[in-house]
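Q: Sequence:
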Amino acid sequence: MKDRNWKDLIIETGVDNLLNHIVEKREATISQASEELGVTKDQVKTWAEALEEKGFLEKNHSPQNGMILKYTDNNREKADEKLQELKEEVEKKSKTVKKELETRKKEMEEAKEKLEEAQKELEDDREQGEEIFDKVGELKEIENEIDETIEEQKENPQGLESESVKLVSRIDNVLERIDEAENPAISFEKKEQNIRKKIKALKRLENHVKSTKEKEKLDKNMKNFSKFKRKIKKNIYRRDKEQQ
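Under numbering that gives the first Met the number 0, think of the first position of the sequence shown as 0, with each following residue one higher.
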């Protein structure tokens with residue numbers, strides 16, 4: 000017990016009770032303190048030695064009464080000294096705790112701000128996600144229209160041009176809006192690339208239709224020209240025959 004810190008010693012219930020008893024009585028024998036506190040004499044001696052070492056009481060020996068424990072003015076001064084030391088230590092620790100609390104409060108406020116920012120970003124991402132989801136849906140719808148238009152071309156190549164022009168115009172408009180979007184999702188980019196490939200196929204079909212129409216028009220003109228030539232030849236032949 001001699002190696003113990005005085006603050007740890009003084010808060011121990013038995014030691015505290017012994018010190019209070021000696022302060023109140025100013026002095027007491029080991030036997031009296033043992034009887035008053037309800038503990039053995041050996042326990043009182045152990046506590047008394049620890050208190051004496053720290054300067055909180057004094058021990059004297061009497062031939063008649065044995066060991067006598069006293070609380071003197073010197074002990075009171077020592078106790079006041081220790082009390083002041085304790086107050087200063089508590090005050091110092093209080094300042095440290097206060098500073099630590101202020102630091103923790105600042106950290107908490109910063110964490111709160113980050114949390115609020117993260118929450119706002121999540122809301123923004125959710126809005127952007129919904130916007131991307133809507134655009135992907137629109138792209139899927141257009142993709143289906145392209146597939147249907149290409150399929151219809153196989154059955155009716157002549158009827159493709161007017162519908163495909165409208166569709167291509169609509170696709171260009173959608174893709175232009177997509178290009179303006181910030182940070183599109185990867186799946187969204189893949190969908191856009193797929194659409195662009197189908198647009199190329201669709202435009203090639205348009206060119207094919209136009210070429211087909213021009214060819215038919217040329218063939219028709221050639222037929223008319225051939226008819227005209229035959230008619231001229233026939234008229235020339237008839238005129239020559241009449242002149243003979």
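Possibly wrong hints are sitting among the right ones.
Result set (DSS-like, lysine-lysine): computed pairs, CA atoms no more than 30 Å apart in a straight line [said to hold, decoys possible]:
1. K69 / K58
2. K69 / K98
3. K24 / K44
4. K77 / K40
5. K58 / K40
6. K94 / K77
7. K113 / K98
8. K105 / K119
9. K91 / K77
10. K58 / K44
11. K44 / K69
12. K24 / K77
13. K58 / K24
14. K119 / K94
15. K69 / K94
16. K69 / K24
17. K44 / K94
18. K94 / K105
19. K91 / K105
20. K58 / K77
The calculated label-pair distances, taken between Cβ atoms and stated as ranges, are [said to hold, decoys possible]:
21. N59 / E34: 12 to 22 Å
22. E84 / K113: 15 to 25 Å
23. G37 / K58: 20 to 30 Å
24. G54 / K105: 16 to 26 Å
25. K40 / K94: 16 to 26 Å
26. P62 / D41: 30 to 40 Å
If you're looking for bench data, these hints aren't it; they were derived computationally from the structure.
Computed from a prediction, not measured in an experiment: that's the story for all the values here.
Where a beta carbon is used, it is the ideal one built from N, C-alpha and C, also for glycine.
Q: In ascending order, which of the hints set out earlier in this document are inconsistent with the structure?
A: 2, 14, 15, 17, 22, 24, 25, 26
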